[in-house]
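The lines below spell out each chain.
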Amino acid sequence: MQPKRLTPDEAYNALEKGALLVDVRGYDEVEARAFLTDKVWIMPITEFAARCDELPENRLLILACTVGMNSLKTAYYLINKGYDNVANLEGGIEAWEQAGLPVFKDPSKIKESAGCCCGGTVEEEQTDCCPDDSGSCC
Amino acid sequence: MRTIKILGMGCPSCAQTEKVVLKALEQSGKEAKVEKVEDIQEIMKYNVLTTPVLVVDEEIKIKGRVPEVQEVIELI
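Those sequence lines, one after another, are chains A and B. Everything in the first sequence is counted per the working numbering, starting at 1 for the first residue and increasing by one. Everything in the second sequence is counted per the working numbering, starting at 1 for the first residue and increasing by one.
Hints in this document: simulated from the structure, not taken from any laboratory. If you're wondering where the values come from, they're calculated on a predicted model, not measured in any experiment. Hints are supplied without guarantee of correctness; some may be wrong.
[As the list claims (entries may be wrong)] Dumping the calculated BS3-like pairs for lysine-lysine here, alpha-carbon to alpha-carbon at most 27 Å:
#1 B:K63 to A:K81
#2 B:K30 to B:K63
#3 B:K19 to B:K63
#4 A:K81 to B:K36
#5 B:K61 to A:K81
#6 A:K81 to B:K45
#7 B:K19 to B:K33
#8 A:K4 to B:K45
#9 A:K81 to A:K105
#10 A:K4 to A:K17
#11 B:K19 to B:K30
#12 A:K39 to A:K105
#13 A:K4 to B:K36
#14 B:K36 to B:K63
#15 A:K4 to A:K81
#16 B:K36 to B:K19
#17 B:K30 to B:K61
#18 B:K45 to B:K19
Build the full structure now, drawing on both the sequences and the hints.
Laid out in structure tokens, this is it:
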């Protein structure tokens, strides 16, 4: 079984119909730029394994991150745990914002340390993860 | 012969892990089949959220960081 792959517009429409957006980015990234919807849970990938049982099984869960790679991993992770109504937001919040969908932004908190497809952030795992200077490796 | 898999979707740390593994093999003189796994579906068969992941004979040994050469030598 594979997660559904939703465009930002498809995801937005699904949220209107009761789906839940699960943002797996780190808290610092969320503070800087967030999905502007009341149907979002913040569950960073670093906490995901410990907390994902909190997620409801009776709603479509749309996993999201910066560009859609970490969230894809978490989507598969949920499927492996038995969740069967799981989707990935293709392109993450980058695509969501480019599509003109609502975001909250705090420019003072935007850092170069964007999310990393390894599952952490450059700041958190500087010696181990994404050791280049790009901030985001994927 | 051992089979070593490096799971990761192509980020720099995954490439670095491969270099470390090859160096460990060179330094130890041991032989192993080294395989990079970049396909998300294949990676998620191991149910891991953080990469890179070092798998030796289908057993996850290290995940979420680049190992040191000596560490890999001890694992193989």
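Subject >> Hints the structure fails to honour >> reply: 9
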